[in-house]
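Residue-level listing of the chains:
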Amino acid sequence: MVIPAYYITLAIITGIYIILALSLNIITGFAGQPNMGHAAFFGIGAYTHAILTTRFDVSFWLAALAAAVVAGAVGALLGLISLRVREDFLAITTIGINFVVVSVFLYHPFFGQAFGIGGIPMPSLFGRVLDKGGLLVLVLLAVLLVVWISRRVEGSWFGLALESLREDEQAAEAVGVDTRRFKVMAFTLGTSLAGLAGALYASFMSFISPGDFAFSLSITILCMAVVGGLGTIRGPVVGAIILSLAPEMFRFVLDYRLLVYGGLLVVMMRLQPAGLLGRGSFLVRLGQRLLGRRETAPVP
Amino acid sequence: MPLLETRGLCKSFGGLKAVNNVSIAVEEGEILGIIGPNGAGKTTLFNTICGVYRPDAGQVMFAGQPIHGLRPNRIARLGIGRTFQASRPFRGLSVEDNVRAAYGVRFHKSWRTLWGAHRADAARRRAMELLEQVGLAHLAGMEAGQLSLGLQRRLEIARALALEPRLLMLDEPAAGISHEEGLQLMDLVRRLRQQGVTVVLIEHNMQMVMNLCDRLVVLSYGEVIAEGKPADIGRHPAVIEAYLGKEVAHA
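Chains as they are written, first to last, in my numbering: chain P, 1 to 300; chain W, 301 to 551.
All clues stand as given, with none of them false.
One side of the interface only, derived from the structure: several residues of chain W facing chain P at Cβ under 8 Å: (1) F384; (2) R400; (3) A402; (4) V405; (5) H418; (6) R459.
Pulled from the structure, derived: some chain W residues nowhere near chain P, Cβ distances all over 12 Å: (7) P302; (8) E328; (9) G339; (10) G358; (11) Q484.
No lab work stands behind these hints, which were simulated from the structure alone. Don't be surprised by glycine CBs; every beta carbon is placed ideally from N, CA and C.
From just these sequences and the hints, can you work out the full model?
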């Protein structure tokens, strides 16, 4: 059986979006830190990968690792900045970082300026170059890895510390949680996974340019996580799937993407702040009623 | 050696000396009440001791170690638990997870334990013990933000106890709760003292202060104006003046 290339492409892009939404979820969902410039780290990963593979002949695997490390290092820097600014200013700072990063790609000759970087090779395994189907398998494995990491975070003391920081920073400090350390750790982990997504993207597209990592992509990623349900794992996964398939089905939306996503964010914040699959959301309650069980004890 | 001692502690906001040259000592095992009119600097004193504010001058010694200038999380881990005037549970987390988040701090030290499962049995048991102690065990699965104010206060105490503190600092624990809840709270504080926890509390409820505290410190305009046994404090002229104003000479 041959799967049409179109579906493979769609599946790869969706998988990359799932990684992006889940990695943002660690920062914004678990740790509660606004990040409206996530695409910048996706871009840093992609450019790192592109430059290493095309100019320095580094293998896909090593370059992907480097992409995660470099994006995570810049993310750690953002984490350190986040210690200095209040939440609303942090949101604006992250937007600024997105624009700065795109500008650097656009204006510095090292990054190929508006021409971008082309000729990025596909990964090869045991001397064989993977085709698109092979890359799809690789992307799905990466999705599984990121889901696994997210689950580890959620179930660990690390995750509980992030959640306490999200709920009330001062109270978290008062019970001994080093909130600065955990903010930086959340940013580092989340952005390095975005960098990994960038490596997969660069390899898949074989050509990248600054416009691929614009602010509008950051909003799209945020939208995916919010629509599905921040702070859960199922939420960002489902949100990413819905919002990457929807434009394919409704082509006419494409031109108005930012408008629709912005509107969607507002509507979700107003009606379902926990997201479609977040805790206590309409769908989750419906499911619980159908299955006849509850997630938390009833109010006495 | 006192368990907690402040020496000449000062904290100003702009031109306002919220805490001015405050020296107090808390002995191990006692219940010390801090009282004073509104705006006397009681909560500022608390926050300066706990590291929320950095003192402008003076020292804070805990178990013989200087702790001024440390970040709140360090001070908490050294053994000072606290509650807040406006109660601040982790609202979106379950009652049990609130306690576990504090209990888990001991696992933050090494990378390996940090990634351990927080729903492990030992952690659950300990959280339930603490919730039992404050009478919240039956509400363990409930979202903390849904609790009544009185129950939130008790949850905050359980959360602070998860650190196994030597000193517990309660900021107006009885504010906004019913008379009966207040009595239960007094019971709880006495039991904690029996377990060896030293308690400092800010309180406006005079009945509670008089019944519960071994010793009182009275603050007014950021300064200590009196200290002593509850019975004596009520008769102290400076205290009467601070609360009721100066007596005007009769014509």
